[in-house]
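Residue numbers (this note's numbering), protein chains in the order written: chain A, 1 to 410; chain B, 1 to 410.
These aren't lab readings, by the way, just hints derived from the structure by calculation.
A hint or two may mislead.
One copy or any two copies: either way a pair holds, since identical chains are not told apart in the list.
As the list claims (entries may be wrong) - Straight-line alpha carbon distances no greater than 30 Å define the calculated DSSO-like cross-link-like pairs of lysine-lysine that follow:
| # | residue 1 | residue 2 |
| --- | --- | --- |
| 1 | 407 | 74 |
| 2 | 21 | 288 |
| 3 | 331 | 370 |
| 4 | 120 | 140 |
| 5 | 21 | 331 |
| 6 | 92 | 407 |
| 7 | 21 | 293 |
| 8 | 293 | 331 |
| 9 | 293 | 407 |
| 10 | 140 | 92 |
| 11 | 140 | 74 |
| 12 | 74 | 293 |
| 13 | 129 | 92 |
| 14 | 21 | 370 |
| 15 | 293 | 370 |
| 16 | 288 | 331 |
| 17 | 407 | 21 |
| 18 | 288 | 370 |
There are 2 protein chains.
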Amino acid sequence: MEHGKKILMIVMDGLGDRAVKSLDYRTPLQCARKPNLDWFASNGTSGIMDVIAPGIRPGSDTSHLALLGYDPYKVYTGRGPFEAAGVGLVGKAGDVAFRCNFATVDSRFNVLDRRAGRIKEPDTTELAKALDGMNIGDIKVVVREATEHRAVLMLQGRDLSPRVSDADPHALTTVQTSRPLGPDAARTSEAVNEFVRRSYEVLNDHPVNERRASEGLLPANILLPRGAGVFPDIQPFPERYEMSASGVAGVSLIRGICRVCGLEVIEPPGCTGGMDTDMEAKTCAALKELDRKDFVLMNVKASDVTSHDGDPSRKIETIERLDGMARIIRKDMPEGTVVALMADHCTPVELGDHSGDPVPLTIYTENSIKDGTMSYDEVSCARGALGRIRGMDLMPILLDKADRAEKFGA
Amino acid sequence: MEHGKKILMIVMDGLGDRAVKSLDYRTPLQCARKPNLDWFASNGTSGIMDVIAPGIRPGSDTSHLALLGYDPYKVYTGRGPFEAAGVGLVGKAGDVAFRCNFATVDSRFNVLDRRAGRIKEPDTTELAKALDGMNIGDIKVVVREATEHRAVLMLQGRDLSPRVSDADPHALTTVQTSRPLGPDAARTSEAVNEFVRRSYEVLNDHPVNERRASEGLLPANILLPRGAGVFPDIQPFPERYEMSASGVAGVSLIRGICRVCGLEVIEPPGCTGGMDTDMEAKTCAALKELDRKDFVLMNVKASDVTSHDGDPSRKIETIERLDGMARIIRKDMPEGTVVALMADHCTPVELGDHSGDPVPLTIYTENSIKDGTMSYDEVSCARGALGRIRGMDLMPILLDKADRAEKFGA
Numbered sequence: 001m002e003h004g005k006k007i008l009m010i011v012m013d014g015l016g017d018r019a020v021k022s023l024d025y026r027t028p029l030q031c032a033r034k035p036n037l038d039w040f041a042s043n044g045t046s047g048i049m050d051v052i053a054p055g056i057r058p059g060s061d062t063s064h065l066a067l068l069g070y071d072p073y074k075v076y077t078g079r080g081p082f083e084a085a086g087v088g089l090v091g092k093a094g095d096v097a098f099r100c101n102f103a104t105v106d107s108r109f110n111v112l113d114r115r116a117g118r119i120k121e122p123d124t125t126e127l128a129k130a131l132d133g134m135n136i137g138d139i140k141v142v143v144r145e146a147t148e149h150r151a152v153l154m155l156q157g158r159d160l161s162p163r164v165s166d167a168d169p170h171a172l173t174t175v176q177t178s179r180p181l182g183p184d185a186a187r188t189s190e191a192v193n194e195f196v197r198r199s200y201e202v203l204n205d206h207p208v209n210e211r212r213a214s215e216g217l218l219p220a221n222i223l224l225p226r227g228a229g230v231f232p233d234i235q236p237f238p239e240r241y242e243m244s245a246s247g248v249a250g251v252s253l254i255r256g257i258c259r260v261c262g263l264e265v266i267e268p269p270g271c272t273g274g275m276d277t278d279m280e281a282k283t284c285a286a287l288k289e290l291d292r293k294d295f296v297l298m299n300v301k302a303s304d305v306t307s308h309d310g311d312p313s314r315k316i317e318t319i320e321r322l323d324g325m326a327r328i329i330r331k332d333m334p335e336g337t338v339v340a341l342m343a344d345h346c347t348p349v350e351l352g353d354h355s356g357d358p359v360p361l362t363i364y365t366e367n368s369i370k371d372g373t374m375s376y377d378e379v380s381c382a383r384g385a386l387g388r389i390r391g392m393d394l395m396p397i398l399l400d401k402a403d404r405a406e407k408f409g410a
Numbered sequence: 001m002e003h004g005k006k007i008l009m010i011v012m013d014g015l016g017d018r019a020v021k022s023l024d025y026r027t028p029l030q031c032a033r034k035p036n037l038d039w040f041a042s043n044g045t046s047g048i049m050d051v052i053a054p055g056i057r058p059g060s061d062t063s064h065l066a067l068l069g070y071d072p073y074k075v076y077t078g079r080g081p082f083e084a085a086g087v088g089l090v091g092k093a094g095d096v097a098f099r100c101n102f103a104t105v106d107s108r109f110n111v112l113d114r115r116a117g118r119i120k121e122p123d124t125t126e127l128a129k130a131l132d133g134m135n136i137g138d139i140k141v142v143v144r145e146a147t148e149h150r151a152v153l154m155l156q157g158r159d160l161s162p163r164v165s166d167a168d169p170h171a172l173t174t175v176q177t178s179r180p181l182g183p184d185a186a187r188t189s190e191a192v193n194e195f196v197r198r199s200y201e202v203l204n205d206h207p208v209n210e211r212r213a214s215e216g217l218l219p220a221n222i223l224l225p226r227g228a229g230v231f232p233d234i235q236p237f238p239e240r241y242e243m244s245a246s247g248v249a250g251v252s253l254i255r256g257i258c259r260v261c262g263l264e265v266i267e268p269p270g271c272t273g274g275m276d277t278d279m280e281a282k283t284c285a286a287l288k289e290l291d292r293k294d295f296v297l298m299n300v301k302a303s304d305v306t307s308h309d310g311d312p313s314r315k316i317e318t319i320e321r322l323d324g325m326a327r328i329i330r331k332d333m334p335e336g337t338v339v340a341l342m343a344d345h346c347t348p349v350e351l352g353d354h355s356g357d358p359v360p361l362t363i364y365t366e367n368s369i370k371d372g373t374m375s376y377d378e379v380s381c382a383r384g385a386l387g388r389i390r391g392m393d394l395m396p397i398l399l400d401k402a403d404r405a406e407k408f409g410a
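Bound-form chain A, shown alone:
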């Protein structure tokens, strides 16, 4: 099978839900008008999927790793490296990365503001540059600004460990001393503590902060790392599956996951990862990408945003916008494409956070067995012919549907 079919993986973030009292105990998907999503269910094969494992509440990071076929229990040690990759900083296997906040502290390292007066670019850009390139012993320090008051820190060197506690106190109290949480982690936690001390030295008198003080703004005089994780040693997706691959995502974290896994990241204009995202432009960009690649992952964040907000009627509206996306895919997808519709996790509106419920899944391609599922929702899909699978099973199934799988045996 030299030329398999193309694969389009559509991840509708946080889409699945529970029975909502104000919706007469139906789910938002059961209430929304969504003829195009339902067309895929009617012409494809459906099921439900435990993205990590039954009852496990996935993050958007661990879920996307599983959906791409990488075992999050093996490759995920913390969010740091994926946030770093989200802003374009992709380390080597073994490099340890952290999410950071620019914060304001007094001279005794009491945190006065965890967001340094909601500092943002271009101030953060200049302050990150002042810290970037520092050396701590033989450990090299890389710092990049991220969105708003955030930054990422990467430590490069031998024998680093992600098993260290946060310097960020997550509250208005004293900066924490990073502690080793596992064997051989002392070298890393000491580097973190040294970095935090020196960030204060470098930043406290920095011209940007002097200017901010003169403007009555809080200084960003320290960088507080949290969420340590190690860049995993993984076989890049294109090599592992023998497919060229792109990721289309508005959210930085998802872009980071894609980059670490070796997907090319496409950033179409207007694709924000928020409610104001131009879903049509994004869908067209994903389809255009599918012309030149074998595999495209597209993440749409809006459904998760409205779910966290907790308003079922806004979630229903978002689903109806997602149906517009499905209409474009249905109309314009290349012939013979395998389309997989899913969520990365449920985000029940009444919970306002991720849950461990299985997500609805539909896999469509022309020769999918038609299983009588008429609606793309949590209940209808659960009766479909795919049964209940796990996130880690998805890639093997899609490769098989796309006639790209190797035979095991004769």
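Place chain B on chain A using the hints.
Chain B alone, transformed into the frame defined by chain A:
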């Protein structure tokens, strides 16, 4: 539970399929008239089964190992030993076996014909005898003729490895030097290369080839090994499950799997493994075997043959013949038998090769829960009460249905 029920495992090779365009997007099973297969579905409990794992495309060898409860990832290193056992040559654990072709080469070992002018018995019998019993250092060589131009080679000795490349070039080019593909495999690859050289010395001037030359036929002057595998160290099926067991199969490879697993192989006359097989005679032989054994596996190859041919209407005809088999089983099975109907893998007619789709499964015994499944097909079974299971789960389930399972705990 001293006396459990008897178990009849019916494997309809390559039976499952996908939605076929020319069948209005139904599967051949959905189109065939098969009242007896449907009777089992209506009176049994159905589900779908990933014979290896979701999306994994099984060979007929790896699939049958899994169906018998042996993890193919542990016991399968290559097809050689199962082909050898197929022609009656069952080695000890650690012996390494190969499939071989009698071929024609020139004096510089360029392959002129990979099938030596389609040589067959009795010529191959005599040539195999000439090679059998050779010693390469302290390694003992066993050679047996197989069907048509084929043979099997077994190496017996200490520290042999199946991780060696093929000497067979699989094309009309020079005979390949077998290379070690893993640590400690050099001893084996050197033995293979020595065997190939000596096979030429023994065969080139053999009287059979002199006679063939005088008749204008190509000489079979070399034996080319491929598909190395090691005889696994497994607990024989009858011992493992405390059941006497037989396998009824027309195909040599499946007979080999049964023999390696310790099943007695029954070869009823007229049971060819092809389209011309006498399905009724085979079914009667399997039922007769069930009179004296606890467990009988019956493999019917015809459904796979028509699937590889790619003609949906011929596959439908074959299914209707399989229904005749089901009629006999329904009528004549011993009271209290557990009957399991399944495929070993799907072979979609439009693909013409094995796929990784789950296979339909029905388990019937008098006290099976009746789950409302009315038809034995991919879609109906997927809605059945067995849900989606794996091939390795089948034997424990059948043992339990047969009231033969050990209790775990008190």
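We went through each hint and held it up to the structure:
1. 407 <-> 74: both (26 Å within a copy, 16 Å between copies)
2. 21 <-> 288: For residue 21 and residue 288, the Cα distance is within 30 Å only across copies (27 Å; inside one copy 41 Å).
3. 331 <-> 370: within (19 Å within a copy, 33 Å between copies)
4. 120 <-> 140: within (25 Å within a copy, 70 Å between copies)
5. 21 <-> 331: between (36 Å within a copy, 20 Å between copies)
6. 92 <-> 407: between (33 Å within a copy, 27 Å between copies)
7. 21 <-> 293: between (44 Å within a copy, 26 Å between copies)
8. 293 <-> 331: The answer is within: 19 Å in one copy meets 30 Å, while 55 Å across copies does not.
9. 293 <-> 407: Close inside one copy (23 Å), not across copies (34 Å); limit 30 Å.
10. 140 <-> 92: within (13 Å within a copy, 50 Å between copies)
11. 140 <-> 74: within (25 Å within a copy, 44 Å between copies)
12. 74 <-> 293: This pair counts as within: shortest intra-copy Cα distance 28 Å, inter-copy 36 Å.
13. 129 <-> 92: This pair counts as within: shortest intra-copy Cα distance 21 Å, inter-copy 58 Å.
14. 21 <-> 370: between (32 Å within a copy, 12 Å between copies)
15. 293 <-> 370: Classified as within: same-chain Cα gap 27 Å, cross-chain 40 Å, threshold 30 Å.
16. 288 <-> 331: within (13 Å within a copy, 58 Å between copies)
17. 407 <-> 21: Close across copies (24 Å), not inside one copy (48 Å); limit 30 Å.
18. 288 <-> 370: within (28 Å within a copy, 40 Å between copies)
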